[in-house]
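Chemist: Sequence:
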Amino acid sequence: MIPQNSLDSLEFSKLLEIIARYANSDASQRSILSITPLDSKEEIEKRFSCIEEIRLLSQKGKPLNILPFKDIAPALQEVRPEDAVLEPLELVGIMDFLFAALGLAGQIKSDSVLYALNELAANLTGKPELLRMLKKSIDREGTILDSASP
Numbered sequence: 151m152i153p154q155n156s157l158d159s160l161e162f163s164k165l166l167e168i169i170a171r172y173a174n175s176d177a178s179q180r181s182i183l184s185i186t187p188l189d190s191k192e193e194i195e196k197r198f199s200c201i202e203e204i205r206l207l208s209q210k211g212k213p214l215n216i217l218p219f220k221d222i223a224p225a226l227q228e229v230r231p232e233d234a235v236l237e238p239l240e241l242v243g244i245m246d247f248l249f250a251a252l253g254l255a256g257q258i259k260s261d262s263v264l265y266a267l268n269e270l271a272a273n274l275t276g277k278p279e280l281l282r283m284l285k286k287s288i289d290r291e292g293t294i295l296d297s298a299s300p
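Its first residue numbered 151, the sequence shown is counted upward by one per residue in the working numbering.
Simulated from the structure, these hints should not be mistaken for laboratory data.
The C-beta atom is built at its ideal place from N, Cα and C for all residues, glycine as well.
Some hints here could point you the wrong way.
[Said to hold, decoys possible] Cut-off 30 Å, straight-line C-alpha distance, at most; resulting in silico cross-link-like pairs (DSSO-like, lysine-lysine):
| hint | residue 1 | residue 2 |
| --- | --- | --- |
| 1 | K212 | K259 |
| 2 | K277 | K164 |
| 3 | K196 | K210 |
| 4 | K285 | K220 |
| 5 | K285 | K259 |
| 6 | K210 | K286 |
| 7 | K196 | K286 |
| 8 | K196 | K285 |
| 9 | K259 | K220 |
| 10 | K259 | K164 |
| 11 | K277 | K191 |
| 12 | K210 | K191 |
| 13 | K220 | K191 |
[To be verified] Estimated spans, in silico, between C-beta atoms of each pair:
| hint | residue 1 | residue 2 | range |
| --- | --- | --- | --- |
| 14 | L236 | S208 | 34 to 42 Å |
| 15 | E279 | N155 | 29 to 37 Å |
| 16 | D158 | S299 | 54 to 62 Å |
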């Protein structure tokens with residue numbers, strides 16, 4: 151573990167703030183700002199492999215396409231109690247998140263040479279069946295659609 155005074159000398163937090171400006175969501179910004187240096191050589195090598203694959207995609211003219219989305223953590227906390235119900239606009243936020251995840255998963259999984267990214271995104275699906283059900287039930291403004299139920 152790197153001592154905090156060393157991180158301060160390197161202005162590590164300022165670097166994270168600069169990187170966080172490019173995030174597509176508040177949740178991503180918070181995640182970036184909470185980054186700490188990795189402890190093991192293996193973790194560092196995995197991360198560098200992911201970065202190299204992202205750079206390769208960008209050089210090929212196919213940068214990762216991560217759509218903007220809202221932080222869904224509050225909505226997920228809200229549905230923890232049994233029988234809890236979300237408001238339609240909260241569901242729109244979840245739809246945006248699922249759509250972003252589905253697109254990202256599709257982009258990564260369509261390129262078999264992205265070994266590190268495919269390993270990282272192995273469980274990323276975007277829950278297409280849930281997304282399909284939500285799209286059938288509510289519109290972008292949170293209005294319940296007639297097609298929501300028979």
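Chemist: Are the hints correct? Go through all of them and say.
Modeler: Evaluated hints:
1. K212 / K259: With Cα atoms ~13 Å apart, K212 and K259 stay inside 30 Å; holds.
2. K277 / K164: violated (36 Å)
3. K196 / K210: holds (21 Å)
4. K285 / K220: holds (17 Å)
5. K285 / K259: holds (23 Å)
6. K210 / K286: violated (36 Å)
7. K196 / K286: Given that 30 Å is the threshold and the Cα spacing comes to 39 Å, the pair is violated.
8. K196 / K285: Status violated; Cα separation ~36 Å.
9. K259 / K220: Distance of about 24 Å is within 30 Å: holds.
10. K259 / K164: violated (33 Å)
11. K277 / K191: Violated: K277 and K191 sit about 33 Å apart, past 30 Å.
12. K210 / K191: holds (28 Å)
13. K220 / K191: violated (33 Å)
14. L236 / S208: 34 to 42 Å: holds (36 Å)
15. E279 / N155: 29 to 37 Å: violated (50 Å)
16. D158 / S299: 54 to 62 Å: Holds: the Cβ-Cβ distance is about 57 Å, inside 54 to 62 Å.
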